[in-house]
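Engineer: With the hints as your guide, set chain A onto chain B.
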Amino acid sequence: MSELTKLNLQGVIQGLRRGEFSCRELIQAYFERIQSLDFTINAYLYTDEEGALRKAEMVDRTLAEWRRSPQGELPPLLGVPLAVKDVLCVKGMPCTCGSKILEGFVPPYNATSVQKLLEAGAIVLGKTNTDEFAMGSSTENSAYGVTRNPWNLNRVPGGSSGGSAAAVAARLAPVALGTDTGGSVRQPASFCGVSGIKPTYGRVSRYGLVAYGSSLDVVGVLGRNMEDLALVFELMAGVDPRDATTVDLPVPHIHLDRSTDLSAIRVGVPKEYFIPGMQPQVEAAIRQAILHLQELGATVLEVSLPHTEYALPVYYLIAPAEASANLARYDGIRYGPRLGGEAMWEIFFRTRGEKFGPEVKRRIMLGTYALSAGYYDAYYGKAQKVRTLIKQDFERAFQIVDVIAAPIAPTTAFAIGEHTDDPLAMYLEDVFTLPANLAGVPGVAFPVGFDQQGLPIGMQLMGNYFQEELLFRIAHAYQLTTDWHLRTPQ
Amino acid sequence: MVEVEWMADYEAVIGVEVHAELATRSKMFCSCAVVDSTIAEPNIAVCPVCAGMPGVLPVVNRAAVELGVRLALALECEILPQSFFARKNYFYPDLPKGYQISQYEQPLARNGRLVILTSKGEKTVRIRRVHLEEDTGKLTHILKDGVSYSLIDLNRAGVPLLEIVTEPDLNSAEEVRAYAMTLRNILRYCGINSGDMQKGVIRIEPNVSVRKRGSEQLGTRTEIKNLNSFRALERSVAYEIERQVRLLREGREVVQETRGWDESQGKTVSQRSKEEAHDYRYFPEPDLPPLTLDPAWLEEIRRSLPELPMARRRRFQTQYGLNAYDAEVLTNERVVADYFEAAVAQAPHLSPKTIANWICGELFGLMNQVGGEFDPGRVPVESLVELLSVLDKGTINQLTAKAILAEMFTSGKRAPELIREKGLEQVSDQSQIAGWVSQVLGENPEQVQTYLKGKEALEQWFFGQVMRLAGGKANPKVVQQILREQLNKLKEQA
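Chains as they are written, first to last, in our numbering: chain B, 1 to 490; chain A, 1001 to 1494.
Just so you know, these hints were derived from the structure itself, not from any lab.
Dumping the calculated DSS-like pairs for lysine-lysine here, alpha-carbon to alpha-carbon at most 27 Å:
1. A:Lys1088 with B:Lys382
2. B:Lys361 with A:Lys1088
3. A:Lys1212 with A:Lys1225
4. A:Lys1413 with A:Lys1393
5. B:Lys385 with B:Lys271
6. A:Lys1477 with A:Lys1402
7. A:Lys1402 with A:Lys1353
8. A:Lys1088 with B:Lys355
9. A:Lys1353 with A:Lys1477
10. A:Lys1489 with A:Lys1477
11. A:Lys1199 with A:Lys1138
12. B:Lys385 with A:Lys1088
Looking at chain B on its own, in the form it has when it is part of the complex (with noise of 0.2 Å):
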């Protein structure tokens, strides 16, 4: 492996400050690790290596100059390579969600937090692979085949944003943007042993990011550490006019420093996270960590998030019914194929029923059922109510406690195959996550162990609005003091 690949965000801007290497270097050796390991992985299911590495001689140019006559500020993200989910637009490259409906769209537009993060200096290095229109939990309902897991190959890296997680931990990209409807940043974050955040909702802007359930999308960040994703994620938060869901609200300047004194801390273990049936060494890794903050002087409370049981069937009535809308504009007629027909019907229907996949007809099904007539109250507005239940549970418990711990998942990272048959059983492995989607608090993952067959364990904290600062300041305190989060796949 290059040591380029190695580096984490601060290696990256410092090295390339210096004239360590050169940008143009740094972004050939991910290319060439791209091109040597993601034919196996499955990280990518598009690069740009020509536009990225154009752009790298402009980055070089640009700190060729500073280096003669520094003065000014760098954009913060200089050089840095990054990797997108492909549910997120990106000017002129494809976009297709992991679907057949939108195979050959390229959007004229970059999403927000991608237009952010490239006026910040970042270098697109290509779009990663996900379940279609973010709808599952382990990349394998992409219609471009599975991502693996580069822990175990036949393992699943998680998802939706399972291309994301896994290019990271493969170093394949030191940082990847990927996005959590119902914990689609930090259930593949835990699978593949690196850091994710999925800020509160209305912190980063949705406009670029193709809808399934808008009011649970977030886009979240996956990276090494806390420090990276805190810069990221400062970057690309905050108010957008093009988003009437963002909240106006001042993006702090996050400074993470070494101290890893948690005392003034109270962290919160909800009983209801668990659960029998959970894996043995998840649960153990979970207390470890728990203990582990607790060493750190962090004050530990159970806490009840009552209504804990009944995020997974509200989740999966409001996305589904969001989705159902959200996905009705993917008809054949303005863009993605079209599949021929004499009458206007016909169309619809070949183009709809032979370009999406069987989970995406599911829940489109699902969401449309949910809100018919005479249905409607029982299903869809049942579960708003349900929502408000889970959203002041969260709300009751951060009087009491800074941040919430908690599982991501029950299990390590399952074979591929392994719940493809069995929706329900896949659905089971978002119960943890789900939640804060619902209540639209932030959460963070992080690696915190790993099982006997060496799978990553990781382990979320969830805390109020808006305190991503909170969040990421605990984490790094836990990630200064253990060092799972430095290992890597061989």
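Structural biologist: Below, chain A without anything else, positioned relative to chain B:
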């Protein structure tokens, strides 16, 4: 409609849904320009948002909300401090997102009223709700070389619309027409749109049902679409009432359905039955937070509302002593009413009635000749006042004034200039007029004889001859006075 005797046993119950485009600069949820989609090149005002591209999001146009609030206030509605957008789901190629963003459970405003005037007097129509939504694109179906194509123009997709729904308070085609016209006047007054039905900026859909007079129960209703003029509206409702009454009298049932108006055949035809109706699966639009209206902003809009046609009509009657007809004609259009009031203000020496007569008579006539719309720029208020003032002073006579106004209208010149140019100034000089009178009497001895024999009506004829000789410039009062003096003199001599 033929008034049939048995119709009297039945009563029509009609509610009206109106879709009004908002004349904002940009669309409802994006910054695309609103263009006239009847003339603009197709798909020139389209962006990723209104084309429903993946990943884009709507942002509410504040100007559209403001216009919506204006209308809601004009209709005396209760404005909801917080309203919600919702998605109305259905598939159609002119609907790029596969859903229309509309309002459903909590609309912008509700419980309003509009007073209309019909041949039977005033009537209050209750407004159930006013809500904001976005328009769809437009499909054109063409046949080329034996193959049919559907072309999609998205210029109109995302243009802001207001939907205005009445309670079923209307009972006749005449009332429906009066409601529609009154509403149109208000839309124009409030600057919400041009009111041009041909261009589809107002789309009216009446829901018609009939029942036996005295019955409490509502009959099955049908909805009429494709109405692009007030005439079509009135005719279609009349037709539909009669059709339904006939069905009931024959012991048959009215089917709940949507019917289209066929202008050439003069009848409504079935388009879509209830069974084929969509389940729109409304749910709150997750991309838009609730629309919260700041009370201070509402108050600001309320203060900026113009005086509305009905109030203005009443004021014109009391303040200017106009009759109901003149007051109505002058207040239907805000631009006309403003013109009238400006003229009155500039000419306190003239009677408002005179000014009203000139506007409603001559000026309307001239405007009509060139296509209808009242354009105050053709004859600025100052010019009209100037003209009417010289008329009042007797510098010119009525006939000349009319000719001058027509000239002003086409040339844009002002009255004094035209009077000077053409030498149209009225002659009141006694001796000059006496000369013309003598000339006329001298040249027409036979008529003078007949007059002297007792046919006094000839005095009018002499008057006309004098005026003609004078080229219309003679002061008619002076002519009349001198003519009578000379005729009297002749009588004495005879």
